Amino acid sequence: MERLIGNTNRTRLFLVFLGAFLFLPFLGHVHLFDWDEINFAEAAREMLVTGDYGSIQIDYRPFWEKPPLFLWMQALSMKTIGVGEYAARLPNALCGILTLLLVFDIGRRHLHAHFGVLWSLCFAGSLLPHLYFKSGIIDPWFNFFIFLGVYLFYRYDSQPIRKLSWLLLSGTAIGLAVLTKGPVAALVYGAVIIVVVGLRRCKPFFPVGHLLLLPLSIALLGGLWFAIEYLAGRGHIVQEFIEYQIRLFSTRDAGHGGPFYYHFVVLLFGCFPASAFALPVLSGHTKPTETQRGLHRYMLALFWVVLILFSVVETKIIHYSSLCYFPLTYAAAYYLFRLTQGNSKIPSAVKITLLGTGLFLGVALTLLPLVGRNALELIESGVIKDVFAVHNLYAPVHWPWFTFAPGLIILIITLLWFVQQRLKYRNAAGLLILGLPAWFLTLSFLVPRIEGYTQNSVIAFYKSLQGQNVYVNTHNFKSYADLFYTAKRPEQSVSITKLLAQDQQWPVYIVLKITGTEEFEAQYPDFNRKLDLNG
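One gets my numbering by counting positions in the sequence shown from 1 and adding 598 to each.
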């Protein structure tokens, strides 16, 4: 390892191969998940169908929830290797490789190459960060650009003579983030700067000219698409986009709500094992040296700004706090680095958190195949009262013996760590980095089987209708799967209201939950039940 860390280019090459090994295989192994994977992939697919890359559409109607940058990445991927799950997820896998390289280089530059490697491993070796780079959601690139913008601003702020080039590069990165997901990027970025400057009581302050150029650099790129839409006579799209962003902050949009502590719990369990190691740093108990204080302050500000902001926001979705992965894994790597230098002792809070979260996740992932293998017995026991859930569990999902491996690996690693701690083996914390195989196997073995219960049957039905002259839509629930997996054409885009009220030239298929079939059949007797697709 020392030989590897001693050669920067060799370390970078190692991280590229590690990222490629972890993030590139099996991207097309599981169908895209409804909603947050399929909706973006569908918008990208419709760009290819219509040839219109300037305006965003879903079901060939204007879609105003997101700007187009990530969709362009997906469209390019689909154009290159074909429409499908692999192409939809490939941009995030590449983002994962770039992220490992970025955090290594930042860590190497500002502390030590060993710290940079630890940061990369903490990122790749934690559950949700690992998972997100194998997904088709928008957040990995959005977070990458925001983090890059914050770091570049730190580089600008940390120089005795502030170079405008660092500031403009920072603004450009935030502009790309705005173009990826929206102006919340500028909000988070501005809040982090205000917190850092406030903590040092505005000393030293920034040149006024630079302060004026920063928002201009953000708006020049971030506002470009919005300006084009407005000038093209589609100002209503911009207005709808703004109103949608406000709804996300002020209401539980799309039914996604939760308590204030929602994201605290998500990060604690979702970022295991890094979350436990990060506790002493995030709580302020582990102090940085004088030379490390600048970057340290920006990382802590980024973490707490994002966590508090999205804890206050009414809409609670698991990936809203995903920007915290950068500073959280920084804090974990910093603590581990200090531990390897012999400058720190493991507090009881860290030991308890590691043991508790590790055992909980290990037991949960071990029980999952056990429940799957005994699904029929569970149904017959009458414990599950939800009719829809019962029909989901009737899906023919096979759980072989090796599906127990992910949970058992986590349990073994956690218990090994505990035993080694009792023997006072200083580097025992490094055992948890070996959790990488557990997350890799979780995605390979468990996620496809979970998908087998939730949506596989209906997606197989949609795929069977590809290329046919039919109409397909859903009733009383929102879904994008019918659009993407039937490869819907523009002439097949007919609203559910018209499909139910008027005769059509092609056969009509309506998909609804099992709980609504009797009411639907009573209201629309001309429709015949065709299939029961596990709920």
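Hints listed in this document are in silico derivations from the structure and should not be mistaken for laboratory results.
Hints may contain errors.
Here are the simulated distance ranges between beta carbons [as the list claims (entries may be wrong)]:
hint	residue 1	residue 2	range
1	R608	W1104	21 to 31 Å
2	P1046	V836	38 to 48 Å
3	V961	G1114	33 to 43 Å
None of the values given here were measured: they were computed from a predicted structure.
Ideal Cβ positions, reconstructed from N, Cα and C, are used throughout, including at glycine.
What hints, given by number in increasing order, does this structure fail? 1
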